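Chains as they are written, first to last, in this note's numbering: chain B, 2 to 353; chain G, 2 to 353; chain Y, 2 to 353; chain F, 2 to 353.
Just so you know, the hints here were simulated from the structure itself, not pulled from any lab data.
A few of these clues could be false.
Any copy will do: because identical chains look the same in the list, a pair fits if it lies in one copy or spans two.
Within a straight-line C-alpha distance of at most 30 Å, the following computed DSS-like cross-link-like pairs (lysine-lysine) qualify [as the list claims (entries may be wrong)]:
| no. | residue 1 | residue 2 |
| --- | --- | --- |
| 1 | 170 | 46 |
| 2 | 93 | 348 |
| 3 | 97 | 170 |
| 4 | 195 | 348 |
| 5 | 348 | 46 |
| 6 | 122 | 348 |
| 7 | 122 | 93 |
| 8 | 348 | 97 |
| 9 | 98 | 195 |
| 10 | 98 | 170 |
| 11 | 195 | 170 |
| 12 | 122 | 195 |
| 13 | 46 | 98 |
| 14 | 195 | 46 |
| 15 | 46 | 93 |
All values reported here derive from a predicted model rather than from experimental measurement.
Each chain, letter by letter, is given below.
Protein chains: 4
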Amino acid sequence: MGNLRRVPVGIVGASGYGGVQLVRLLMDHPEVEVVYLGGESSAGKPFGELYPHLAHAVNLPVEEVDPEIIGDRTEVVFLSLPNGLACEMTPKLLEKKCKVLDLSADYRFSDLTTYTTWYGKQRNDNATAATAVYGLPELYRSRIAEAQLIGCPGCYPTASLLALSPLLKQGLIVPETAIVDAKSGTSGGGRQAKINFLLAEADNSLGAYGVVRHRHTPEIEQICSDLAGHEVMIQFTPHLIPMVRGILATVYATLRDPGLVRDDLITIFRAFYRNSPWVRICETGEYPQTKWACGSNLCYIGLEVDPRTGRVIVMSAIDNLIKGQAGQAIQCMNIMMGWDETLGLPKLGFYP
Amino acid sequence: MGNLRRVPVGIVGASGYGGVQLVRLLMDHPEVEVVYLGGESSAGKPFGELYPHLAHAVNLPVEEVDPEIIGDRTEVVFLSLPNGLACEMTPKLLEKKCKVLDLSADYRFSDLTTYTTWYGKQRNDNATAATAVYGLPELYRSRIAEAQLIGCPGCYPTASLLALSPLLKQGLIVPETAIVDAKSGTSGGGRQAKINFLLAEADNSLGAYGVVRHRHTPEIEQICSDLAGHEVMIQFTPHLIPMVRGILATVYATLRDPGLVRDDLITIFRAFYRNSPWVRICETGEYPQTKWACGSNLCYIGLEVDPRTGRVIVMSAIDNLIKGQAGQAIQCMNIMMGWDETLGLPKLGFYP
Amino acid sequence: MGNLRRVPVGIVGASGYGGVQLVRLLMDHPEVEVVYLGGESSAGKPFGELYPHLAHAVNLPVEEVDPEIIGDRTEVVFLSLPNGLACEMTPKLLEKKCKVLDLSADYRFSDLTTYTTWYGKQRNDNATAATAVYGLPELYRSRIAEAQLIGCPGCYPTASLLALSPLLKQGLIVPETAIVDAKSGTSGGGRQAKINFLLAEADNSLGAYGVVRHRHTPEIEQICSDLAGHEVMIQFTPHLIPMVRGILATVYATLRDPGLVRDDLITIFRAFYRNSPWVRICETGEYPQTKWACGSNLCYIGLEVDPRTGRVIVMSAIDNLIKGQAGQAIQCMNIMMGWDETLGLPKLGFYP
Amino acid sequence: MGNLRRVPVGIVGASGYGGVQLVRLLMDHPEVEVVYLGGESSAGKPFGELYPHLAHAVNLPVEEVDPEIIGDRTEVVFLSLPNGLACEMTPKLLEKKCKVLDLSADYRFSDLTTYTTWYGKQRNDNATAATAVYGLPELYRSRIAEAQLIGCPGCYPTASLLALSPLLKQGLIVPETAIVDAKSGTSGGGRQAKINFLLAEADNSLGAYGVVRHRHTPEIEQICSDLAGHEVMIQFTPHLIPMVRGILATVYATLRDPGLVRDDLITIFRAFYRNSPWVRICETGEYPQTKWACGSNLCYIGLEVDPRTGRVIVMSAIDNLIKGQAGQAIQCMNIMMGWDETLGLPKLGFYP
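Please work from the sequences and hints to get the whole structure.
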């Protein structure tokens, strides 16, 4: 649309749901041009063979993954790979002066000990990891602007942290009382053929998984601890919901000051997110539906206080594949590139 | 099947989902015969007009609701009506020597003050209400056996209480830390034409409702208080899930004894429900899916302990229309009549 | 973005699904500004009360419907009303020099006798109706460009006619053998509280409706007759599918020339739609999924020939609320205004 | 229920959806006892590991498949295996005097040439195949009663043939005009991990597959030809619907006698199925919903005649896993054993 030059970007891991979201969203982004798609198992295939409905719009093949070549052809690289692969190629990409946005867990932890404990992989790239910034712009906007490497948050942590941050940052809750009961559509499981993600199994059913040991727990805790100023433990329980997209995190915590009422908290949340165009605080008595957020990069947050129990209940809804994944990575890129944070991202959810 | 005489039963409010479940289940019950169906708006229609797929099996019309006539023709009456109607006709039915199983909230509260506070209806039938027994057989089996009037539990309280009872009864948790995050299919909303229950609105979406003020809260609290031996407040949050049937209650509570491990609790739950044929405690590491329970009167319960936070997490899954409503009422009837508790109830869930 | 002046547009009937789609899509359209929203039952409410997720983006109230005022304030008006209402206000709007795009059936029929037979309403605005153009750009692009009044096609006719047109126009099939078996998501039923559209009823179920008498039949036949050059009767059967959005029309017809093979037809279809940016003909052996189209204004068409039976089978997939309704109306507006046909319309479907 | 002795039955291929349906239904059957479960990949596991919700009810392990041993321990064997395996073990089982009900395609064709053409496997057990009876009781009840080997119909053929049979048998339609547009839930694809059956892919989407070449085509044609008395070709198109269970077949055909009206056909269908307890013909103007049939062994059939086009439209709805698979096999067993055809089979569908 009249740009003299678009920034060349690449996507590694283009065949999964994160990849196809990135492709779709970046095609509409006014400042970039997707010039490279990479993949392991799908290398050699035209992208349109993986997603036929995009064949007319995306003319690129999926190529072998060679960081040297990617570095030569792109300025920004999105890595949408299984955990443990991004850290193998990122040092090379950084050396080639690429800006790197990793959607896996590899660069979410400043302390690789935690990573190794929960993800089971030994790593020795502490120096690189130490330069990574956690890509939640609502908390770390200015650091993201300076970074060359972003560890993009997980989908659950995004919803959980946007609900918890104002409370922890302002010291409004007793941190160890915080419980996150999260619910996700099945696209969060990726484009992998697993029995329990079949429609015949997952539709019209509901269950928890990864109880007390889901890997997003330490990720949430790391940021909560940073906000609280001391180490915080969070109870996190994810559930699989019979729907394609969307996450709702229902967060419970005990208020330090039992005199706080719902509208106080709504005011506090609105102030906290005043400069965050992608967060919307609901009106009094309004609770977010995941469908509101689906198709957009928005996070909707609703609040309630129970005067009987002294707890605050925060509900946050996002599209797990946009604000919870690809959209947030693009939001980070916008900030890194000095563009408007909302550039090229869908602003209005689909409904119904 | 060889019975000399079947017990004549009636269903008032046959046109709703509770009604059709009762009809369907009681048709297969070996000891009873459905001789009366009653309804307000549907009076005068053949039942098969409301549910065409049952037209070949159910030859009864829906009749006007006249307690005098119902009392003459039936020995057991199921009332499946909106809240506030059962209490109008129950005294008459009891006078006529009927056994009454009320599926509404009218007889769930021993203390009508609580009922009036949460349901907004003034009542003066304290004497009748005082004779009602709360129809959760796993807790009140022997009292149900003696009762003439049963206040059948709500769907959410059934799932919540089956998860909480062993913990409270044995004093294993700090009661005021208990949080119930419940998730229900939309059939819980009944066969009423409301915008937010349309498939186009509710499918592929998810949200909380009635936060901090859902009417099932005092019902859960009443029984929890009874079990704990003192007044208990519970945090209860229901969510609407894009599926037809099923409830999952995810219950969080802090253990009094941090030394308890998961397998201890599994042992304790199994002992608690030893004589309860409709409750199944899952194996270690197994979490219930609502689909397991759907189509049966079973409640599946899974357990986890978080040694990091000292909390127990209990997950209970039921079919909201069977164990959560019509099936449980029939289970109560079986007990009241001196029959086997499992008689005529579906034992194996549908899958997939 | 940088226009000196945007064209003021109005939407009458903003509260329904057609309305909210128009609002959402027109908010992103670079050449127009939505300046008026009208409704009957919702008049006086802020639009954000009807659709809370859009409250932050749409600041307009829903106003009373007064054609005089609408005519003064807008240049283009979209009417998204129940059948029989548009024809009451359209003459006035045309008099005020508005361009009118009616999404109801009121102006789809050049012959009001057919309208009256199938829709039951007597009308005497033959003169106005005669000036209306059927808003299917792929067939009537040049007439749309000249028109002041557009009768936008129904959702089923859009999918059906895009599948049938090349066959009829080229005389490739025996017209009276044509059968359209159509399947639609439940959003096609609108935002109305009806029992059979409840999730609890419609989910995990499937059925036909309106068999041999659905009102879209004469609409399809009128255009087919126009294409064939003689009167054509079509067998049309719609089905309700347990999903929110999307229509698939599966079309069967006997080929005149049994020697035609699948790839001949793919070539013919591609030629027919060469200048139609919103129609995509699938590759050999590829059949469209409705999800491919959802979220975009695209129609995907797949083709197969059965050499055993001599029939062609055409499958066309659209988003019923976009290409089947609001998007197509905007496409028509683009043409009427002399803008690019694709302006402001979503080009890439959502997936998954 | 007081039987002196139950008939020992075995299920080979117990781990799939056909298997689990058989297990579940046969557990409730009053005349049989499941004594053997066999499987390839799941051999050695307790059945409850495959389907944890049934662990409390089914105490059997999945065993290796050895026809010699199966023959010694059982009198009736259900084979629920991928195509091409049943024919390997059936001769041995027959030799051991077992009654065999094969749910695969292996014994559906009297002419193995057709089988080989469509299924690609060379076979030389013509003699055995010639003794097999096609297990559609509504057509071949008396032959099933005499048979030792049953080739149980596919799910689509069951729905299609129950809709077509009265028309073909009575010569009411022009056979070559018959088109079957069929729609199935995704459980028809079995418990196999395939990308296109993932909830994230299949939910909220819809598409045709196997167009003009689905293997159920020759199966339908074989029986149609038998009924018509001459070779008949049928147009058959299956579609995948975003639901778990259920098939709807919408059948179109031109009537020979244009004077026939809808109620004539309803009368004819009712007469045809007079002695078939599992087929229900809908009232005038009533069209079956798949949900009516789900959970039962019933087939609901609705009828319409289009006086404008001279076509009859027949809609038949079944539960693909019960009447379309496991239930029908049990119905056949009942007939083979001289029991009531309805024994042990669910008579009332689930709703909602």
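- Message: I'd like to know which numbered hints this structure contradicts. Please list them from smallest to largest.
- Response: Failing hints, ascending: 1, 2, 3, 6, 8, 9, 10 and 11.
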